[in-house]
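Chain C is already provided as a structure; the job is to place chains R and E on it using the hints.
Protein chains in written order, with full-length UniProt numbering: chain C, 1 to 267; chain R, 1 to 267; chain E, 1 to 267.
Relax, there's no trap hidden among the hints.
A pair counts as met if it fits within one copy or between any two copies, since identical chains are not told apart.
SDA-like mimics (lysine to any residue), calculated; alpha carbons at most 20 Å apart, straight line: (1) Lys81 x Leu111; (2) Lys264 x Asn186; (3) Lys235 x Ser253; (4) Lys161 x Gln90; (5) Lys73 x Ile55; (6) Lys85 x Tyr105; (7) Lys235 x Asp249; (8) Lys193 x Ser253; (9) Lys18 x Glu146; (10) Lys18 x Ser147; (11) Lys193 x Ala14; (12) Lys193 x Asp249; (13) Lys18 x Thr192; (14) Lys81 x Thr59; (15) Lys193 x Leu13; (16) Lys81 x Pro104; (17) Lys193 x Ser255; (18) Lys73 x Glu52.
I should point out that these hints are in silico values taken from the structure, not numbers from a laboratory.
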Amino acid sequence: MEINATTLWRDILAVRTKAPLVHNITNYVVMNSTANALLSIGASPVMAHAEEEVIDMVTIAGSLVINIGTLSKAWVAAMHKAMKKAHELQKPIVFDPVGAGATPYRTQTILELIHETPPSIIRGNSSEIKALVEAGIKTKGVDSTESSESAIEAAKHLSQKYGAVICISGATDHILNQEEYVRVENGHPMMTKVTGLGCTATAVVAAFAAINPSMMEATAHGMAAMGIAGEIAAKNVAGPGSLQVNFLDTLYSLSEADVHSHLKICA
Amino acid sequence: MEINATTLWRDILAVRTKAPLVHNITNYVVMNSTANALLSIGASPVMAHAEEEVIDMVTIAGSLVINIGTLSKAWVAAMHKAMKKAHELQKPIVFDPVGAGATPYRTQTILELIHETPPSIIRGNSSEIKALVEAGIKTKGVDSTESSESAIEAAKHLSQKYGAVICISGATDHILNQEEYVRVENGHPMMTKVTGLGCTATAVVAAFAAINPSMMEATAHGMAAMGIAGEIAAKNVAGPGSLQVNFLDTLYSLSEADVHSHLKICA
Amino acid sequence: MEINATTLWRDILAVRTKAPLVHNITNYVVMNSTANALLSIGASPVMAHAEEEVIDMVTIAGSLVINIGTLSKAWVAAMHKAMKKAHELQKPIVFDPVGAGATPYRTQTILELIHETPPSIIRGNSSEIKALVEAGIKTKGVDSTESSESAIEAAKHLSQKYGAVICISGATDHILNQEEYVRVENGHPMMTKVTGLGCTATAVVAAFAAINPSMMEATAHGMAAMGIAGEIAAKNVAGPGSLQVNFLDTLYSLSEADVHSHLKICA
Chain C
1 MEINATTLWR
11 DILAVRTKAP
21 LVHNITNYVV
31 MNSTANALLS
41 IGASPVMAHA
51 EEEVIDMVTI
61 AGSLVINIGT
71 LSKAWVAAMH
81 KAMKKAHELQ
91 KPIVFDPVGA
101 GATPYRTQTI
111 LELIHETPPS
121 IIRGNSSEIK
131 ALVEAGIKTK
141 GVDSTESSES
151 AIEAAKHLSQ
161 KYGAVICISG
171 ATDHILNQEE
181 YVRVENGHPM
191 MTKVTGLGCT
201 ATAVVAAFAA
211 INPSMMEATA
221 HGMAAMGIAG
231 EIAAKNVAGP
241 GSLQVNFLDT
251 LYSLSEADVH
261 SHLKICA
Chain R
1 MEINATTLWR
11 DILAVRTKAP
21 LVHNITNYVV
31 MNSTANALLS
41 IGASPVMAHA
51 EEEVIDMVTI
61 AGSLVINIGT
71 LSKAWVAAMH
81 KAMKKAHELQ
91 KPIVFDPVGA
101 GATPYRTQTI
111 LELIHETPPS
121 IIRGNSSEIK
131 ALVEAGIKTK
141 GVDSTESSES
151 AIEAAKHLSQ
161 KYGAVICISG
171 ATDHILNQEE
181 YVRVENGHPM
191 MTKVTGLGCT
201 ATAVVAAFAA
211 INPSMMEATA
221 HGMAAMGIAG
231 EIAAKNVAGP
241 GSLQVNFLDT
251 LYSLSEADVH
261 SHLKICA
Chain E
1 MEINATTLWR
11 DILAVRTKAP
21 LVHNITNYVV
31 MNSTANALLS
41 IGASPVMAHA
51 EEEVIDMVTI
61 AGSLVINIGT
71 LSKAWVAAMH
81 KAMKKAHELQ
91 KPIVFDPVGA
101 GATPYRTQTI
111 LELIHETPPS
121 IIRGNSSEIK
131 ALVEAGIKTK
141 GVDSTESSES
151 AIEAAKHLSQ
161 KYGAVICISG
171 ATDHILNQEE
181 YVRVENGHPM
191 MTKVTGLGCT
201 ATAVVAAFAA
211 INPSMMEATA
221 HGMAAMGIAG
231 EIAAKNVAGP
241 GSLQVNFLDT
251 LYSLSEADVH
261 SHLKICA
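The shape of chain C in the complex, shown without the other chains:
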């Protein structure tokens, strides 16, 4: 594992050059903003959830995003199918357990999905990561109220159980698997006031996972690109509305100098 400004910039260029197709089965709230972020970073997004086509779609994709933000029965069936096929084809599956712990249905559905087909990467906030390990944890909706540090033990447990890279996002992003650990310190507090930037991070990680076989590197690179773009975009903005606009502009125009001067990573 090698993660630094040079490897990050190399992988940003690879995403821009290869424009990997990222297949998203994601929630209604973030479909538009996620697609725009994927286009801005240089990937090619597709959103498709019909049971009749998810297998064919994941077959031509470079990676698969599963985000359970606005669940319902038919979609869960499609998620199972797409995950199985991605696993069979050894394509990265990046899983976002939005609101885990908020309702029993949500937590149980997630556990069934990841138990049947272990994802390559799971990215959530601390409440969500903890809810997947401790039954009955109290979650307040979809926004986390706890520090990301508090979920590190739960993340280690999850990683061991599913063999996945776990990313706890927050002021600090903690990324780990069974042997390795990376901390990304980029980002800006106002990012929590733009809906779905967590979901966007998951999708951006999937773009990097489509072009780099190391899931640790892909996760760290994706989270760092998000954090750096958010940090630069937040300079001199008047609020979350302009942050969202600047964020896409910044992702699109991220330069080697931006990466080298802003990356705060501890590998």
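Leaving out everything else, chains R and E in the frame of chain C:
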């Protein structure tokens, strides 16, 4: 009932401090923009519509938004469930009858929903409010073509029948229950060129309803906050695109001085 | 057929004055941005997909958009119903075959829909247009990787088979029916980095089709309005985020002078 710049500012601070969880069962068009507006005003949005989880979700929420903009069968069943549970737990239900009168299915579905569980607050434009009272009224899609004044009699009737606060939004917002009446004169004509700002108003009202037990005060405060933010945001914008961005920035940064200098209310 | 800056400006004014109701059965990703573009150009958008109401909705609409971007069974049934009713009432149907060729389900569903009820206009990128003619064509997701020229033969074939106007959009837009051919050269490369601007073009064409009985003129006017607005909007933007915002502002404020100085059409 007391509604003035001081009470409005007090309640804006309360929303920012308490960050109430607002559970939205709303339409696809506005999910993203509504969630962003709720975050900007300081609330915590959650969108969830699965029959399997709406009861649990509304149980942890501070208020419930029901918006029938993009109806279908499964969603209506979830709306019924969520409304019943909210009523049982005495949590405010804010109802948005989008496009009432446009099709018989829409009008009938709304009437069934509010007949079974009367909402705390109903917010619509004049065509929608009238369509809920007069059968066969001619509605042109989801945008109103009539003045808000023309629906006051219908609103009084609705309020009596369901015991709800009714808000007719438009150039002037008329807010009434069986005993009280308030008029809010804030806002800007260009707001009608941004999709879903009516739906957003409903959700913002729900944020205030989660922290103030007076539904009249909550409705007036929510509509006034929307109108003031829209008015300030519309200054010097080039069109609806920048209005939408500035609107979120302004909601986020609304100050005591903004409230005192802009509020145009007649209580 | 007459298509030039004078006729384009005349039809922009007609859309602004008549504010035609455009009924969209479209995909989740673009609902918000499409509705905003329709409002900015001066039309009145409505999104409705319930089988129980699509017939009533299309009856009061000026035109119908069918966009299969995020397909599923229940929606396809509603599309069939709405298309049949629109055809019966002689209202323009504008069809967007998003991602045709990406999966067999997608291609087959499109062919079934347009075989049962031929649309008035089909707008797609070159891969999509070709996929509707040549079985087994290789499509990479929803973004086209080929020039629009390469699909002209396929477009002619489609036009003959279904009696529809075909628009192949790209750097150059090719618009044709069995007798006529128009080329629109407006637009900007960065428009491909904003999600759903193709879908938006389809909806804007539907706004023009609601006020001009010539489907060739409506398509050319719609595509030209999109291209001119995109071109003006792209001046001095920092990236796709601000392009999206400027694009709406520009559509809203498009002037006679803008149209006359920018239109690049070959009729």
